[in-house]
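Undergrad: Residue-level listing of the chains:
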Amino acid sequence: MTANLLSCTGLTMRFGGLVALDRLDFTLGRGETVGLVGPNGSGKTTFFNVVTGLYRPSAGTVRLGELDLFAKSPQTIGQAGIVRTFQRSRLMLDQSAFDNIMVGRLSSLDLSLATNIFRRRRLSVELEASIREVRALAHRFNPVIADRLFQPAGSFTMIDRRRIEICRALMARPRVLLLDEPSAGMTHDETRQLMGDLLAFRSELPELAVVLVEHEMDVIRRVSDRCIVLNFGRKIFEGSFEALMADRDVQTAYLGEDA
Amino acid sequence: MSSFPTSAPSLSFMMRLQRFPRAVAAITVLVLLGGGALLIHSDSQVKVLGMLAAFLLVFALADRSAAGREIAAICGDYSRFSNALAMIAAVAIAIIFSGEHYTLLMLSTVALFATACIGLNIQLAFAGIVNFAGAAFFVIGSYTAGVLTSFPGLPTIAILAIGGLVTGALGLVLLLPVLRTRGHYAALVTMAFGLLLRTFLEVNDTLGGPQGMKIKGFSIFGIDFSRTNSIGPWDVSFYFPYAILSIVLFALAFTFASRLESSWIGVALDAVRSDETAASVFGLSIVRWKAVAFLLGNAIIGVAGAVYGMMNGFVTPNGAGLGESLLLLSIVVLGGLGNMWGAIVAAGIIIVLPEKLQAIQEYRLLIFAMLVLCILLFRPLGILPRPIRDFSRISDGREEGL
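Protein chains in written order, with the numbering used here: chain A, 1 to 259; chain B, 1 to 402.
Bound-form chain B, shown alone (with noise of 0.2 angstroms):
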C-alpha cells in the first residue's frame, strides 16, 4: 500500500509517520469521528457551515498530499485496529451525549442508515443488483418489529433476528423476477415492488392502513427504555440504548460485510458482477450469488429497519415510498460503492445536513440531487472508493473488520 510515488523533501516525515503507524491511525479516527460528533451535536448554523468547510479542505488536503495518501495507507493496514477504536470511539461518543435526545436521535439514524446502506452494497457494489426497494425493505423490518412487540415477552434480540429473517423471505418474492431481468429491467422490478408494498400497507386495516402502525420499544434487562430515563443513578436520554443498539449493529454488519468481500465469496461476487458470462464458464452459478447477495442484503436492511421502527415508535407506509429508497441509494453512490466506512460519511451528510441548516431544508431533494450529479460527474467512484481488494494482508494476519 506504501507504493506511491513520493517527493523527496517529505520523505522524512513520511518516515516519522511509519515509526508509529498506531498511533498516526488513533488520531486520525479520533479526529474524525470527534468532528463528527461535534457536527452532530453543534445547534448553530454557522458552526456547523465551518465545521463543514473544515471537513472539506481536510478532505481535499488529505486526497491530494502524499502525507495524506500515507496517512490513509497507514489506517488501511491497520484496519483492525482502526475500526475497533472507531466503534469504541462511537460508544464513547453516545455515554458523553447520554442525556441529549437529539444527538442521540441523530447518531442512532445515520447508524441505521449506513447499516441499511451496508445490505444495499452488498447486492449493488458486490453482486451489481439495482434494488429501488431498499426502503421497502427497511419499513418491513419496522412492521415487523410492530407486530412482534406486541407479544409481550419476546426479547429484542429475537425480534431483530426474525426481522431480518421476514425482511429476506419477503424478498424472496422478489428474487426470481430480479434474477429473470438484467440491468434496467431489474431495477423495475424491484421499484414496482415498492410501489406495491406501499399500497398494500396503504390498504391493509390490520397493520394501520395509511395511518401507519405504532411501535413498543424495546426492554433489557427488565428495564422498559419507553418508561424510564434512568440506568441506576444515571440520568439518561430515551435514546441512549438506541445509540448502542445502532453502533453496535453497524459493527456488525460492517465486520460482516467486510469478511464477505475479503473471502472467497467476494471474489465469486465479483466475477458474477463484472462478467456473467465468463463467470460461468468457470463454474459459478450467476442464480446462486445474485440470490445470497440479493437475500442477505435484504435481511441487514431489515434489521436495521425494525430498530429503527422501535427506536421511532411508528411506522407508516409513507416510509416504504421510491423517494426514501433514493436517499438510501443516493447514500451508497455517494460514500464511494462497495466502502462500509463511505456509507457512515455520506449517511451523515445526507441525515444530518439538512437537520441543521434549516435553511436548506426546503431545497434537500434538490441539493442531493446536485451532489450526488456532482460525485457521478467529479469522482465517479464515491467520496470513499473502494479500495482494492489485498489478500496478502489477510495471510499476513492482518484482517478486516473487526
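Chain A on its own, in the form it takes in the complex (with noise of 0.2 angstroms):
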C-alpha cells in the first residue's frame, strides 16, 4: 500500500446521546477499495456523510492527502475530489440521462452568466465535447445508456439508473469513491452484472480509492482489498475478507452472542 489518500483518525459524531460514530480511525490508501460492512444501523452510511460534509462531525480529524477536511462544507469537500453514490437512488427522474451525468463535473465548468447566456458558440463546443466524453463513460457500462443519452433518468432500469449515478461520480474526477450499497434493490442476476461493471472501472482509474458499502458478501470478497467492520459505531474488525469471515466479533455481531 502506498502513502495514505484519505485518513480518519478519532472521527465521531454524536446526535444528542445517541453515539453514531465512536472514535473511528480510518485510512484508505490510493488505488485501493475497502469494502465497509455491519449490521444496520452501524454507521456505514452515517461515516459517509460525515466524510462528505453533510453532517458536521462531533470530534476527529478528516484529511484528504493534504487538505484538512475536518468539517467542511459539502461543496468544498465534493471539489477536493470526494464523492460519493446515495444508497437511495438521487437522480434527477425528468431530466435526461446525460443531464444527470454531467452535474458529476458542472463545478469544474465556467457557469458564469455572460458564457452561458451570451457565448453559446464556445457553450456548444464544451457541450459537444462533455457528449462525447459522457457517452463513452456510459458506453463502458451499458451501451443501452449511451444510445439512449437524452431520454429522462427516470425512463431507465433500476440498475441502469444506478449505473448512471456511478457516471455521475465519475464524471467529477474523483480520487476518493463512496458507494453506498451499489447493489441495493437489485435481483442475483442485476448484482453480478453491477459487480462486473465495478471490477472493469477499478482496473480502468487504478489511482482511484473506493470505499463500498455493501451487504452482498460476494461483491465484498470479489471487490474489496481489504475490510472495515463497524458495529454501533465502532470498528471491530479490519482486515483480509477470509480473515472476516473466520471472526469472532463479527459473527457475535451479526447473528448475536449464542451463535
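Mixed in with the good hints there might be a few duds.
Unchecked claim - Beta-carbon label-pair distances, calculated as ranges:
| id | chain 1 | residue 1 | chain 2 | residue 2 | range |
| --- | --- | --- | --- | --- | --- |
| 1 | B | Asp275 | A | Glu66 | 28 to 38 angstroms |
| 2 | B | Leu376 | A | Gln87 | 31 to 41 angstroms |
| 3 | B | Asn318 | A | Val144 | 56 to 66 angstroms |
| 4 | A | Gly41 | B | Thr181 | 30 to 40 angstroms |
Treat the hints as calculated values from the structure; they're not laboratory data. Predicted model, so just to flag it, every value in this text is computed and none were measured. Even for Gly, the Cβ is constructed at its ideal location relative to N, Cα and C.
Put the two chains together into one complex, using the hints given.
TA: In C-alpha cells form, the structure reads like this:
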C-alpha cells in the first residue's frame, strides 16, 4: 500500500445521546478498495455523511492528502475530490441521463452568466466535447445508456439508474469514491452485472480509491482489498475478507452471543 | 424527437410533413398567433366563445393524434425559426391593429404579464423558489418608473434598466429569509413581503399614499407618445409603441430564459431544485444558484412592471396585493411550469377572457380557481408541459430562443 490518501482519526459523530460513530480510525490508500460492512444502523452511511460534509462531525480529524477536510462544507469536500453515490437513488428523474451525469462535472465548468447566455458558440463546443466524453463513459457501463443519453433518467431500469449515478460520480474526476450499497434493490443477476462494472472501472482507474458499503458478501469478497466492520459506530474488525469470515466478534455482531 | 409510436396508415402523411418542416412550423405559428389576435380583437361574446371552443378542439386533437405530436415535434426541432417567425408575426399584428386602442392594450398586457411570468418561471420552475410576491415586485418596477419619469431627459431604456435593477436590489432584502427557509416557510416569507410592501406604499406620502402615483409615458426620437397620435403620415394608437416594446421585451426575456435553461446553469438549477443534498455533494452551491435565480427573476418582473406602469399612466398599492401575485402564479401553473410559450397562452386566457366575456367577469376569480384546480388534477404539468432539455440540439446548431 502507498501513502494514505484519505485518513480519519478519532472520528466521532453524536446525535444528542446517541453515538453514531465512535472514535473511528480509518485509512485509505491510493488505488485501494475498502469494503465497509456492518449490521443495519452500525454507522456506515453516517460515516459517508460525515466524510462528505453532510453531517458536521463532533470530534476527530479528516484529511485528504495534505488537505484538512474536518467539518468543511459538502461543496468544498466535493471539489477536493471525494464523491459518493447514495443508497436511495438520487437522480433527477425528469431530466435526461446526460444532464444527470453532467451534474458530476458542473462545478468545474464555466458557470458564468456571460458564457452561458452570450458566448453560445463556445458553450456548444464545450457541449460537444462533453457529450462525447459522457457517451464514451456510459458506453463502458451499458451501450443502452449511451444510445439513450437524452431520454429521461426515470425511463431507465433500476440497474441502469445506478450506473448513471456511478457515471455521475466518475465525471467529477474523484480521488476517493464512496459507494453506498450499489446493489440495494437489485436482483441476483443485476448484482452480478454491477459487480462486473465495478471490477472493470477499478482496473481502468488504478489511482482511484474506493470505499464500498455492501450487504452482499459476494461483492465485498470479489471487489475489496481490505475489509472494515462497524458495529454501533465502532470498528470491530479490520483485515482481509477471509479473516473477516472467521472472526468471532463479527459473527457475534451479526448473529448474537450464542451463535 | 420523432421517436413517437406512429400508426401505419398515417405514416405517409407524416413523411409529407417532415419533407417541408419549415412550412409546417410557419403555418402552425401563423395559425395560432392569427387566431390569438382575432380572439383579442373580437368584440362579440358569441364569436369569442366559438373561437375558444375551436381552440380547445384543435388543441385536444393535436394532443391526442400522432400527426399533432409530429407537428409539435417539428416546431420544437425548428424552434429558432418558429420563435423568430412568431415575433415578426406578433409585430405585424400590432401594426395591423395600430389604430385600435383596446386590442393593443390587451396585446401589451398579455405580453407584459407573460414576461413577468418568465421571471417567476426562472424562480419556480428552474430553481424551485415559490414567490408569492410576484405582483409586489411588478409594482416596484412601476413605482421606479414613476419616480424616474419625473426627471425629464432620462432615456426610456435607462428607466427600464434601472427599474429592473431596483427591483432586483429590493429582492435582496428577501434573499436571506428565502435562503434560510424551505418549502411552505419560504412561500410565507414572500407573502409577508408582499403585504408589508403594500402597507408601506399606502402610508408613504412621497409615493402618493393609497391613491398611488402618476407615471409619464415614454418618448422615442423626441416623439412624446402620450400626446401625439401619429407617426409621420400614419395614425397610430397611443398604445402602439407599448405593444411593440412589450413584444420586444417578451422576446428578450424568452430568449434569455431559454438560453439559461439550455446551458450549464440550467442543469445546475435543476440539480439544486430536485435534490439539494446531491447537488451540494457534487460541489454546487445551493445559496449561489437560488440567489441568482431569485434576483434574475425579480429583475425581469421589475422591467415588465416598469413598462406596464408607463403604459397605464399610474400605479396604486393595490397592485401589490396577494390576489395579483396569485394571478401571476396561476398563469405560470396553468401554462406549464418552465414552458415560456405556456406563459403566453395562459396569460391570454387569464387576462383576455374576463374582458371579452362580460358574463363571467364577476366570477372570474372563481373560474380561475376552478381552472387551476382542474389543471392540477388532470394535467399537472400545465397546458404546455416543459419539454425535456435536449443538449444534442445545441451541439447540432439548432439553437433555442431567437
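Undergrad: Honestly, which of those hints from before does the structure not fit?
TA: Violated hints: none at all, because every hint is consistent with the structure.
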